[in-house]
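Colleague: Listed below are the residues making up each chain.
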Amino acid sequence: MAHSGSGYYSANSIPSSISQTGITMKYALLDYVRSRRFFIMLGITIMISLLLTAIVGYYQPATFVTSELAFYSSWWGSSVTFVIILSGIFFGGDAISGEFQNKTGYFSVPNPIKRSSIYIGKWLAAYIASMVILAVFTLVTVGNGMYYFGTVPYEFDVSFLFAAFYLAAVLGFTFFFSSLFKSSTISILVTAILFLFAFSLIQQLVSSLAQVEPWFILTYGAQIIGNVLTVPYPAHVITSNYGPITFTAYNVPILEGMAIIGAYFVATAILGLAIFERKEFN
Amino acid sequence: MPSIETANLTKKYGKLAALSDLDLKIEGTKCVGFLGPNGSGKTTTLKLLTDLIKPTKGEAMINGVSIRADKKKALESVGALIETPEIYPSLTPREALTMIAEIRGVPRSERGRQVDEAISEVRMEEWVDKRVGKFSKGMKQRICVASALLGDPSVILLDEPTSGLDPRGMSEVRDIIKALKGKDRLIFMSSHLLSEVSDVCDEVAMVDRGRLIVYDSIPNVTAKFSGGNNVVEVGLHRPADGDCTAHSIGALPDVVRVEKIDAFNLSVAFNGGLDVQERLLGELVRMGIGVVSYRAASSELEEVYLKLIKDTK
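These protein sequence lines map, in sequence, to chains A and B.
Positions 490 to 771 (our numbering) are the ones given, in order, by the first sequence.
Positions 1197 to 1509 (our numbering) are the ones given, in order, by the second sequence.
Only chain B is shown next, with the shape it has when bound in the complex:
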């Protein structure tokens, strides 16, 4: 079973602890989202797992092999995309990916096919023989995503994989990750996009200020910390009628909280899923309060994230 394990993993820069005693064990074939605010230690962890930086203390292991003791063995079945790498500018995507395939020991007979497939996955067929130096950041990011797929790795480490991509590129990369989940892989990806993590991942690990706050499946985390609330923002074309409107909405079935954002916008928290959300919209319209917009303000995961990160401040 593919695995990622850290034990007391610590990284300090002088007195500043970028990561403190991280104990994390992830096993199995699944996708784990790695969440936290800027500077929380997400990228530091991923860099420690790929030998880009060295730990001050503790151990990082992949598939049971310590990166510090035997990097080559530990990373033999790992595909990684950390930050936004650059590729030697005079090489073409085909050459750059062939280099990585050769380093990872992809047999000569397989190499061409694997490179072509990876290029096709990221929709870069048109550019495969053009020099990378002329590519945009998003195009380079696609090539780097492709490089992480080479050699059929059992563990894939992704650091904000959709960073720098246009909306279509983001959607394509998410589709690639979802497809990989069905292929016996352990995917560990950091992201700032909670909707992306909700959409793609099975489990979530949250870090803040170098410490692990929670690691569990997304349903467990949301059940434990959010109280199961979803939130919609309701836009009105005339000012809400003081506390009266809020009180009336608060009395509707499944509504747990109503907050006035400003005179024309309300935040409504409710228990339940899309069926409740649909019914609630109908009831708000029937109340005749002037509803002109109605959209989900946050997911459960976002609510949990904000609560947990706020709690550690």
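Bound-form chain A, shown alone:
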């Protein structure tokens, strides 16, 4: 122990906040990949992959086997957002609320570490754990694609990058909700309801009935993941008339989709972090 101008200081050199973020990430990731929920999520992903493999292999549906883009669009485009949302709920739903409810925050917070390092470290751990799940689904998709067509189209690479970007926004959003609540169950439930039901319902109602582009919904922005696999890219607005009623469907343009995902990521990351910085362990 030694003296400083203000009193005593530790003989240890406290690591930088970036290093401490890395330390938190390392141990949170270790906790994630050993957890039961990681294996459940991995099991769900493998089950979806095996089901798709069996169905496509046995029935050879036209929508899958007519062209490689049609294959990737049908297989990847329709399923990957579900895998991402589920990963977000599994790994992000209670990531911050658990620090309060399960009292793990009492172990880490009373140390010379900024709360932001804990928040970002846990976010990075959740992102890496989710990427492992996404990688498994991607490998099975590519394996099947290679089996049927022998190549992986460039559009799939772009779609994968969009999926990775969307995953960041989904986790930003789930972490934000997780920091809002102190109960893990409530934060997981609210996030699941929003992503699995509310967003798509609002999107349908707003676009079909009110003819308003749902640019404010994250899942609308995520359409770019599937749409980029359709050549040519789908028209921005499609209207169809059923008698006196006109239905309008919107397809998000690529730049707009990226902007929606990016805006959600930035806004929820800032808000979630600000809430966690101020929240009290009562």
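Incorrect hints may appear among the rest.
Computed Cβ-Cβ distance ranges for the label pairs, DEER-style [as the list claims (entries may be wrong)]:
#	chain 1	residue 1	chain 2	residue 2	range
1	B	1429	A	766	46 to 56 Å
2	B	1304	A	647	34 to 44 Å
3	B	1467	A	766	49 to 59 Å
4	A	635	B	1308	19 to 29 Å
5	B	1304	A	522	22 to 32 Å
6	A	647	B	1316	53 to 63 Å
7	B	1233	A	766	27 to 37 Å
8	B	1394	A	525	45 to 55 Å
9	B	1319	A	526	29 to 39 Å
10	B	1217	A	502	28 to 38 Å
FYI, nobody ran anything at the bench for these hints, they're computed from the structure.
Cβ atoms here follow ideal geometry from the backbone N, Cα and C, with glycine treated the same way.
On the provided structure of chain A, position chain B as indicated by the hints.
Modeller: Chain B alone, transformed into the frame defined by chain A:
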């Protein structure tokens, strides 16, 4: 010199004041007990000192650095155990403690040794590589005590450190705290156990309803508020003979007060230490009143505590 200082430290939840204008300055290498009834503001103070909650008003400082202004600097030489923390369930004690050691900047070359020593201090060697998720509350508490020792902190904050431990665990933790006192540390610990505080601490701070009542060395506090009395409870195998027995005992040397608890039990307050207590037992037996049990009912500190807390009601 390590220090803990609070100035006008206040925490309110709506209209309820959990802590009101706490001014406390503790300096030096010693152990200070923090006493008060449930809801008096003990844990609130410790949480404010570790950034678990934010003050409504005032300042909390450790080693001269404000926690609000620079938490990382203020806590760089602090080991803390607040309430009963949980550890990520999939980690082993070795991994959890290594994480804390890394966060506190313990050099890589030192880390393994420090973790092993901390584990050994709390007698958890057998469990060091088992996952924490399967541990009992007491075992987790031991690991958390170990985490507070990592990084050679100059200030140690403990919130009821023996809570959840079995009697052997409690005794071991007390021994650890006593050993730390000899290692140039400032220890600030809250407890409900007055005997524990008497046994381990040099000074005592008492709070009630969010306000500091007294802060001084234990001998000063007891001399000032207790009148130096110790109390024994005397058990009889036949009913006490009305006021006559009490009067006879009251006439014995050094006895200051005799109260009848019930027909078979008396409370005897006396001036003096163990030698007087021993002599008193002999005299009571010789009186032939049927003494079958004889035990210390309270310590001086307990008497002071009850008096001061009662006075603030």
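Colleague: Identify every previously stated hint that the structure contradicts and give their numbers, smallest first.
Modeller: 4
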